[in-house]
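Each chain, written out:
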Amino acid sequence: MATRHQKTLARLMVAPSVLLLLGWMIVPLAMTLWFSFQSYNLLSPGMEQFIGWTNYKYFLSDPAFWTAMQNTLLLVGGVLVITVGGGILLALLLDQPMFGQGVVRIMVIAPFFIMPTVSALVWKNMFMNPVNGLFAWLAKAVGAQPIDFLAQYPLMSIILIVAWQWLPFATLILLTALQSLDSEQMEAAEMDGAGTWAKFTHLILPHLSRAITVVILIETIFLLSVFAEILVTTNGGPGYQSTNLTYLVYSQALLQFDVGGASAGGIIAVILANIVAIFLMRMIGKTLE
Amino acid sequence: MGSITLKQVRKSFGDVEVIPGVDLEIHDGEFVVFVGPSGCGKSTLLRLIAGLEDVTSGQIVIDGQDVTQAAPAKRKLAMVFQSYALYPHMSVRKNIAFPLKMAGMPADEQERRVQHAAGILNLTDYLDRRPGQLSGGQRQRVAIGRAIVREPSAFLFDEPLSNLDAALRVNMRVEISELHKKLATTMVYVTHDQVEAMTMADKIVVLRAGRVEQVGSPLELYRKPANRFVAGFIGSPNMNFIEGEAAARMGAHAIGVRPEHFVMSTTEGAFAGTVGVAEHLGSDTFLHIELDGGTPIVARAAGEFPVDHGDRIWLTPQEGRVYRFDKNGLAL
Numbered sequence: 001m002a003t004r005h006q007k008t009l010a011r012l013m014v015a016p017s018v019l020l021l022l023g024w025m026i027v028p029l030a031m032t033l034w035f036s037f038q039s040y041n042l043l044s045p046g047m048e049q050f051i052g053w054t055n056y057k058y059f060l061s062d063p064a065f066w067t068a069m070q071n072t073l074l075l076v077g078g079v080l081v082i083t084v085g086g087g088i089l090l091a092l093l094l095d096q097p098m099f100g101q102g103v104v105r106i107m108v109i110a111p112f113f114i115m116p117t118v119s120a121l122v123w124k125n126m127f128m129n130p131v132n133g134l135f136a137w138l139a140k141a142v143g144a145q146p147i148d149f150l151a152q153y154p155l156m157s158i159i160l161i162v163a164w165q166w167l168p169f170a171t172l173i174l175l176t177a178l179q180s181l182d183s184e185q186m187e188a189a190e191m192d193g194a195g196t197w198a199k200f201t202h203l204i205l206p207h208l209s210r211a212i213t214v215v216i217l218i219e220t221i222f223l224l225s226v227f228a229e230i231l232v233t234t235n236g237g238p239g240y241q242s243t244n245l246t247y248l249v250y251s252q253a254l255l256q257f258d259v260g261g262a263s264a265g266g267i268i269a270v271i272l273a274n275i276v277a278i279f280l281m282r283m284i285g286k287t288l289e
Numbered sequence: 001m002g003s004i005t006l007k008q009v010r011k012s013f014g015d016v017e018v019i020p021g022v023d024l025e026i027h028d029g030e031f032v033v034f035v036g037p038s039g040c041g042k043s044t045l046l047r048l049i050a051g052l053e054d055v056t057s058g059q060i061v062i063d064g065q066d067v068t069q070a071a072p073a074k075r076k077l078a079m080v081f082q083s084y085a086l087y088p089h090m091s092v093r094k095n096i097a098f099p100l101k102m103a104g105m106p107a108d109e110q111e112r113r114v115q116h117a118a119g120i121l122n123l124t125d126y127l128d129r130r131p132g133q134l135s136g137g138q139r140q141r142v143a144i145g146r147a148i149v150r151e152p153s154a155f156l157f158d159e160p161l162s163n164l165d166a167a168l169r170v171n172m173r174v175e176i177s178e179l180h181k182k183l184a185t186t187m188v189y190v191t192h193d194q195v196e197a198m199t200m201a202d203k204i205v206v207l208r209a210g211r212v213e214q215v216g217s218p219l220e221l222y223r224k225p226a227n228r229f230v231a232g233f234i235g236s237p238n239m240n241f242i243e244g245e246a247a248a249r250m251g252a253h254a255i256g257v258r259p260e261h262f263v264m265s266t267t268e269g270a271f272a273g274t275v276g277v278a279e280h281l282g283s284d285t286f287l288h289i290e291l292d293g294g295t296p297i298v299a300r301a302a303g304e305f306p307v308d309h310g311d312r313i314w315l316t317p318q319e320g321r322v323y324r325f326d327k328n329g330l331a332l
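Residue numbers (the working numbering), protein chains in the order written: chain A, 1 to 289; chain B, 1 to 332.
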């Protein structure tokens, strides 16, 4: 039981770190907000002036915006489906007793330690390259026309690359959750006549629901801001086919030098992220009870 | 219907032989208790019957059918686990109905059986709660309910009361006994607590290191223990063993006397000793005595017996209540 004195003291002690974090967040946010109402182009320095909502109007009416929005949602959704689905399957496999379990587990986790730019380049040059890539070689081996993944299916390719990076994370979290499943419960279900599928749907999935929610939440936060993979592979192209909101903001600011418009885009991205966060929090509230 | 026969059942985990070979006959409607110290293989034996472990060799026959290789669900047995093993995300109703649902029973029949089981176990008011919202005793009853609805040919209990507090344990003991009388179904019950074994069983199977030491009714085991281990395990407090000259005089390696079979006196008797701790409970008096030879003895006197720490005391075993054991611990 904490007394009132202890509580006051505790608040005082955490205050510096809270204030620091608050400042860390609030300063960039305030500056972005400020720039978003300015006409601020790097090509015409010294001409900054307040222009109201114009930046927002331009950004929202840009045809690329809606494509980017759609791509962002497809990217997040696609990667989530692959990682959660694949993660459950891999976790179930890795939970089986087998020879060399420890080594296999470490190898499965490995992709998570590779930085995004490196893994994207490996995929781009060693797997998906239409001339030298492994997939092209496979296609040629059976006499088929090699596919130029990044040109023909750019968004799908990026989803694949990002999913490959996040699959270990999902697997790891789900495997840990799976290992905490009470073995007596499984035995009870066996006595009750539940088959493999019934055990999966009635016991394992409900048991994993909390872990799945955590995976979805954490991955969504990071997937909304995927950038490096796009930059080193497709540069958002062809056209806007693989441009997400993050990449659009980047190109607005550093390729078109329009800091004001990019800031408006940034604020829109923040709002979008918050809407997603509200939905996720509600979902979590339900499963965590 | 619910007779279970074990024929030369053996079980090893790798090189470790846990059950070196058990023959056992359980008749229809019997309440059989497997009792023994922890690690004696009693739970393993139950899990072999349930089918949760595969036997290494031997045969398990239920109702005349060889089920040695049959899956657990095909053996028509229901099991209550030590941790209750309720499904945490399902309501009590769904927990109890789960085996019926798995068997593909129509919904109205499921509901009828759940209501019936809930009525027997006083769970009707809790059907819509989750296991997490129930007390230990209620969870225990849900686990039993889940076993009852299947109308199995036998119930298996794996130390079901060990997670309950002392008072509740006594209550549940009585409830399970009553349930057995009501259903008249075979029950196999595993415990390390000899009091549970004595109070509930029709037949007790005493196990040590995977071997059956003795099988019999509670009073048979109390009156005629086959060896020193059974004699020491059954009865509370434990039987006293006296070795050496006193035993040799009676032609045995060791003699055993139960605490309640001593006649005590402050003036004369067969063995002299000094009172260590005296526990005066009113209804009984338990005396921890050290005999002059150094042998510790626990003796029980009915009612009050006014001695205290350091007093001299003399003990005489009652006529015909002395057990004699040879060098190997077998009863003579």
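None of these hints come from the bench; they were simulated from the model.
Take the hints with a grain of salt, since some may be wrong.
As the list claims (entries may be wrong) - Examples of chain B residues toward chain A, derived with CB under 10 Å: (1) R75; (2) A78; (3) L86; (4) M90; (5) A143; (6) L156; (7) D158; (8) V170; (9) W314.
All C-beta atoms, glycine included, are put in the ideal place defined by N, C-alpha and C.
Evaluation of the provided hints:
1. Using the Cβ-Cβ criterion of 10 Å, the hint placing B/R75 at the interface with chain A is satisfied: the shortest such distance is roughly 9 Å.
2. About 7 Å separates the beta-carbon of B/A78 from the nearest beta-carbon of chain A, less than 10 Å, and the hint is met.
3. Given hint, B/L86 at the interface with chain A, holds; its Cβ is 8 Å from that chain's nearest Cβ, closer than 10 Å.
4. For B/M90, the suggested interface contact is upheld, since its CB lies about 8 Å from the closest CB of chain A, less than 10 Å.
5. Hint status for B/A143 relative to chain A: holds, with the closest Cβ pair at about 8 Å, below 10 Å.
6. Restraint check, B/L156 versus chain A: the minimum CB separation of about 9 Å is within 10 Å; hint holds.
7. Taken as an interface hint, B/D158 checks out: its beta carbon lies about 9 Å from the nearest beta carbon of chain A, inside 10 Å.
8. Because the beta carbon of B/V170 sits about 25 Å from the nearest beta carbon in chain A, more than 10 Å, this interface hint is broken.
9. Nearest Cβ of chain A to the Cβ of B/W314: about 53 Å, over the 10 Å cut. The hint is violated.
Going through the hint list in order, the structure does not satisfy hints 8 and 9.
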